[in-house]
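Protein sequence lines, in the order shown, are assigned to chains A and B.
Residue numbering for the first sequence follows my numbering, starting at 7 and increasing by one per position.
Residue numbering for the second sequence follows my numbering, starting at 7 and increasing by one per position.
Hints in this document: simulated from the structure, not taken from any laboratory.
Just so it is clear, the structure is predicted and the values come from calculations on it, not from any experiment.
Please note: incorrect hints may appear among the correct ones.
Incomplete in silico selection of chain B near chain A, CB under 10 Å [as the list claims (entries may be wrong)]:
hint	residue
1	Glu125
2	Glu223
3	Pro227
4	Pro341
Below, a list of computed lysine to aspartate or glutamate pairs in the DMTMM-like style, where the Cα atoms sit at most 25 Å apart [what the hints assert, rightly or not]:
hint	chain 1	residue 1	chain 2	residue 2
5	A	Lys373	A	Glu338
6	A	Lys358	B	Asp47
7	B	Lys144	A	Asp111
8	B	Lys177	A	Asp172
9	B	Lys343	A	Asp111
10	A	Lys129	B	Glu402
11	B	Lys109	A	Asp47
12	A	Lys215	A	Glu283
13	B	Lys343	A	Glu152
14	A	Lys109	B	Glu150
15	B	Lys373	B	Glu353
16	B	Lys128	A	Glu299
17	B	Lys295	B	Glu393
18	A	Lys343	B	Glu274
19	B	Lys177	A	Glu338
20	B	Lys177	A	Glu324
Ideal Cβ positions, reconstructed from N, Cα and C, are used throughout, including at glycine.
2 protein chains.
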Amino acid sequence: MRNRVLIEHIQPQLDGGRYFIKRTVGEPVNVSADIFGDGHDHIRAALLYKPESKKRWNEVVMEAQGNDRWTATFVPEEQGFYEYKIEGWVDHLLNWYEGFKKKHDAGQHLGVELLIGAELLKKTAAQYPKSRNAQLLKLAKLLEDEKGYQEAVATIMGSDFAALVDEFPLKQFISTSDQVLRLRVGDRKEVFSTWYELFPRSTSEQPGKHGTFKDVERLLPRVAEMGFDVLYLPPIHPIGEVNRKGKNNAVTAGADEPGSPWAIGNKEGGHMAIHSELGTIDDYVALIKKAKEFDIDIALDLAFQCAPDHPYIKEHPEWFAWRPDGTIAYAENPPKKYQDIVPLNFETDDWKNLWEELKNVVLFWVKKGVRIFRVDNPHTKPFAFWEWCIQEVQKEAPQTIFLSEAFTRPHVMAALGKAGFTQGYTYFVWRNNKQEMEEYLTELTQTEWREFFRPNFWPNTPDILPYELMGAGANAFVLRVLMAATLSSNYGIYGPAFEFMENQGNNNGKEEYLNSEKYEIRHYNWDHRNRLTDAITRINRIRQEHPALQNTYNIHFTRTDNDQLMSYVKVNPDGSDAIWCIINWDTMHTQSGFVEVPKELLGITSGRRVNLKVEDMLTNEIYHWFNDWNYVELNPEKWPIHIFRVALL
Amino acid sequence: MRNRVLIEHIQPQLDGGRYFIKRTVGEPVNVSADIFGDGHDHIRAALLYKPESKKRWNEVVMEAQGNDRWTATFVPEEQGFYEYKIEGWVDHLLNWYEGFKKKHDAGQHLGVELLIGAELLKKTAAQYPKSRNAQLLKLAKLLEDEKGYQEAVATIMGSDFAALVDEFPLKQFISTSDQVLRLRVGDRKEVFSTWYELFPRSTSEQPGKHGTFKDVERLLPRVAEMGFDVLYLPPIHPIGEVNRKGKNNAVTAGADEPGSPWAIGNKEGGHMAIHSELGTIDDYVALIKKAKEFDIDIALDLAFQCAPDHPYIKEHPEWFAWRPDGTIAYAENPPKKYQDIVPLNFETDDWKNLWEELKNVVLFWVKKGVRIFRVDNPHTKPFAFWEWCIQEVQKEAPQTIFLSEAFTRPHVMAALGKAGFTQGYTYFVWRNNKQEMEEYLTELTQTEWREFFRPNFWPNTPDILPYELMGAGANAFVLRVLMAATLSSNYGIYGPAFEFMENQGNNNGKEEYLNSEKYEIRHYNWDHRNRLTDAITRINRIRQEHPALQNTYNIHFTRTDNDQLMSYVKVNPDGSDAIWCIINWDTMHTQSGFVEVPKELLGITSGRRVNLKVEDMLTNEIYHWFNDWNYVELNPEKWPIHIFRVALL
């Protein structure tokens, strides 16, 4: 208990180290803490970090930033889990050295000080290997030699000595931060991905015919041409026949209706089987391989729930809840019942085997080549299960990505992020004006959320045709997709419905599609191109070319004098790329106004005049801006957004 | 791992439970947390608390406040340490009941639901003693009886059943908060105390003569009459003779100079001895007893440092730092040396015995009747030592109060509060305008600081004659003491210098008194009364009579239209007392302006008109206010402050 330094309020950390934070390879981890000792002695501190699997800690000297706040940075260089912690101590060599200089400047005799210094140098030398400590011992000798007084004093007052004290911390009575904190390091795709969702059953060239994985292969060039790098297919497993839903969510299905692919399992198999009309497992593996040629990952839908005829129900009745009359408990939200779905009962006595089985489902598909899972309704399964399952999978396959499809309350969405989900769906679809959107992005990127939640912005999904797009024209679709693609580095669209601008709601007061593809096979003219496909193709190319758009947390909103105009600047961490987006929220009218130059962010030091060249990458128009506020005008019939590449002249 | 509820962000707590929070007996502890489960099942939560020494937990049902935030309150009823934690669980009885009601309202047949309910009632009954569960079992029987369908449904839909579900939580798969949190409960004096400091050596009736404890006894009626309940004496131990400081901090003292009482120890003894010119230990004990008759505590100064002739230096040379030339290391702040003071070396190998000895010093005086210690420069001793020492002492004597005399950096002051100091000196003396003062009070009372830091406001100390009071007249003195006494429920003055308005600085650029009493004996005419003693006597009586002023954390600043006017309202927790202070910061001129009525705080519901009677307790003037903003005018020559008692008409 002779340690005298306190280490408090370490950032980043989540709930006192209960959860890990997230970064990608090569992304700096900026660590800070309040570090201080009693009294006036000089202290030092070090940030220690290592991959969890290794024994040796790497050490970075921390720098004092004033008001007892200290900082240091490390850059993780490999995928997987890292650990980090902080050490602090009173450094008596440094303390003596600082005192020595002051006493020297005050003209005091320093004889005893030299002897103290010699002792401290020897103590320091003992902490370092012989290969490094010779210099320290030689200096100690000089300081001890009464005849060398002048030389010793001159040596200490020389600049080499300062470097020496800096290089050789004297660690005694070390305080270590209370927790060893954890960090998960993933690859670029975790923070920069562009998703396209389609129902494979709707990919046949022949109207009315059930599409196959082969048909999907045929569409890969199109998906790649538009710039997507994840192709997400809703569940591909056998679809339950018992209580199957019909068109538009009808309670009973006609004989030839395909049902919802989220009602998984029938006599043909369950979560490890393939719906036979799509093809075979081999066809699926072939699709994955083919997609890789286009740099596209095929994402699998993980929906841990069962149709009433799923094999589990007979094989593992103990995994389900049964009612006193011997019937099975369907999913329900009283008074509603969802009779085509049976939830797994995670409170079962046999929970360990249930967890194992579900993990094995994931690993089964990982072994087939799947690296990305879109997880259906994860918030209806226990947080503890996900925390365990995701870590177990990532131990075997660190590159695996899990996207959480949780459209629910904020704390639950946060908890899933902390439990380990790599990405999460968001409220983007329900943020419909400038103030709402700026507040939401600020919460996601400037608060604790940035440590654990990677947003993935979707302007639509098969479950959500937002009111904003119901009956809307192309302007609104263009606006929403360009906004998603520039606000968030991860974004996606439920493709055909979006690019072909389906805008008919189900007339039930909900944000649902009429004739939803969830319950029927659709037919599309996949050769069709329009204003939407053009906008999507362009924005995805711009995202590829501009690192500033490959990050979500670097967003900086700037002022405008018009509430319909929203302005944000993104600069990539090394400053080599700056993108400035200005959006017109009004899809009906041209809006104009002035936007403020974020001078500090763009490195325009105070006093210097603005001198910018901004080039709109959609229109190739170039403007030169010399003022703090500059005029813009956006016509939604042309482009509802400026995406400027910014150059400082 | 079948538990499905998460409990996060519990408030109050400090550094994830690393430190305890502070309350007083009878003061409510409002606990809140984010609590939520997966899915849509209904959850419940309970706050559990108990005195640390007891085994049985008390339980309070928590209430959902929206957005997954839950709250509950408990009131500690005895001094000492308490523990508290939170439990949460999916309550299947409640969940079934809520579903049942919806299904009933939807007109569904409820036969199977009744059987499920019967099972849940039996499961619930098994969790409660036979003395309580008969009703549950009887109901289960009714629900199981096919013939009783109508009666069973009616019973469940009746209001008694709701109360039953409320009364009998069905706890399964309980989640418990990660930490058991700690709370220290003290008595009223910890948060409401009024301090007077004097040097006992300056209390003789004869000029030049050394005062004694008997002389101090003579002054007790005067101290009590002015309304103080703590009388704090600087160190009363033998004063070092080696390197003794002279008048005005001179490096050498004349033969008859008394030295600084903070240079403790000489051949007569150390920290457990009494400076013989003051009297004996028996005299000191007699003073403590006599003071108790006036409801005054005598506070002892705990200055853990030694004069060069302190007995410890010979008896325990291992507790000090020695230099290579065989001399002892004096206190220093290079290039300055303080040769009358030798610091204890807390890094000594013999630290355990050193800690024990220092604790024994405290307990020695506790046994003599001391319950309040003012601790000198605690920030120059390790935090870990204080954390241990204060808890050890309070285990034996829970009523012991420690005031930290740390005028240092914010993090260090906070760390001492968290380590266990009951009260702390503050930056009050350096907050010299409205904005500074409001910001400071907001930090102390509206942030985490409120959980661990009890401010004690001093307008002066023997070490600090603030620039504001140098050369100042009575107006400034009256202002500063009335501000201290109304802003903070703990406050004190270094008495004679303050009430006799000593305002001469030492002309060294520092905030030091000329002819400081630290280095010489002063003589005062203790019978003298003036504008200051009158103001002090009045304000202390008002503090006694008004619970709203006996709390620091209930302050609420309100708007004025004049930056020289600062306005704050304090309402005591049960709403029975409301005090409104308005201060004129300008000590030279009358200032006037309008102040806003804090309607919500005073319980004036929206829409209702203001109708207040405010009575100034210094002048007995009464005003009736009917508007949201009201006119005030303060002449510093009369009173620089309104202290209104507020009555709602």
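Do the hints match the structure? See the list:
{"no.": "1", "hint": "Glu125", "result": "holds (7 Å)"}
{"no.": "2", "hint": "Glu223", "result": "violated (37 Å)"}
{"no.": "3", "hint": "Pro227", "result": "violated (41 Å)"}
{"no.": "4", "hint": "Pro341", "result": "holds (4 Å)"}
{"no.": "5", "hint": "Lys373/A / Glu338/A", "result": "violated (34 Å)"}
{"no.": "6", "hint": "Lys358/A / Asp47/B", "result": "holds (22 Å)"}
{"no.": "7", "hint": "Lys144/B / Asp111/A", "result": "violated (91 Å)"}
{"no.": "8", "hint": "Lys177/B / Asp172/A", "result": "violated (58 Å)"}
{"no.": "9", "hint": "Lys343/B / Asp111/A", "result": "holds (15 Å)"}
{"no.": "10", "hint": "Lys129/A / Glu402/B", "result": "violated (41 Å)"}
{"no.": "11", "hint": "Lys109/B / Asp47/A", "result": "violated (71 Å)"}
{"no.": "12", "hint": "Lys215/A / Glu283/A", "result": "holds (10 Å)"}
{"no.": "13", "hint": "Lys343/B / Glu152/A", "result": "holds (24 Å)"}
{"no.": "14", "hint": "Lys109/A / Glu150/B", "result": "violated (91 Å)"}
{"no.": "15", "hint": "Lys373/B / Glu353/B", "result": "violated (29 Å)"}
{"no.": "16", "hint": "Lys128/B / Glu299/A", "result": "violated (61 Å)"}
{"no.": "17", "hint": "Lys295/B / Glu393/B", "result": "violated (30 Å)"}
{"no.": "18", "hint": "Lys343/A / Glu274/B", "result": "violated (89 Å)"}
{"no.": "19", "hint": "Lys177/B / Glu338/A", "result": "holds (22 Å)"}
{"no.": "20", "hint": "Lys177/B / Glu324/A", "result": "holds (22 Å)"}
Checked against the numbered hints above, the structure breaks hints 2, 3, 5, 7, 8, 10, 11, 14, 15, 16, 17 and 18 and satisfies the rest.
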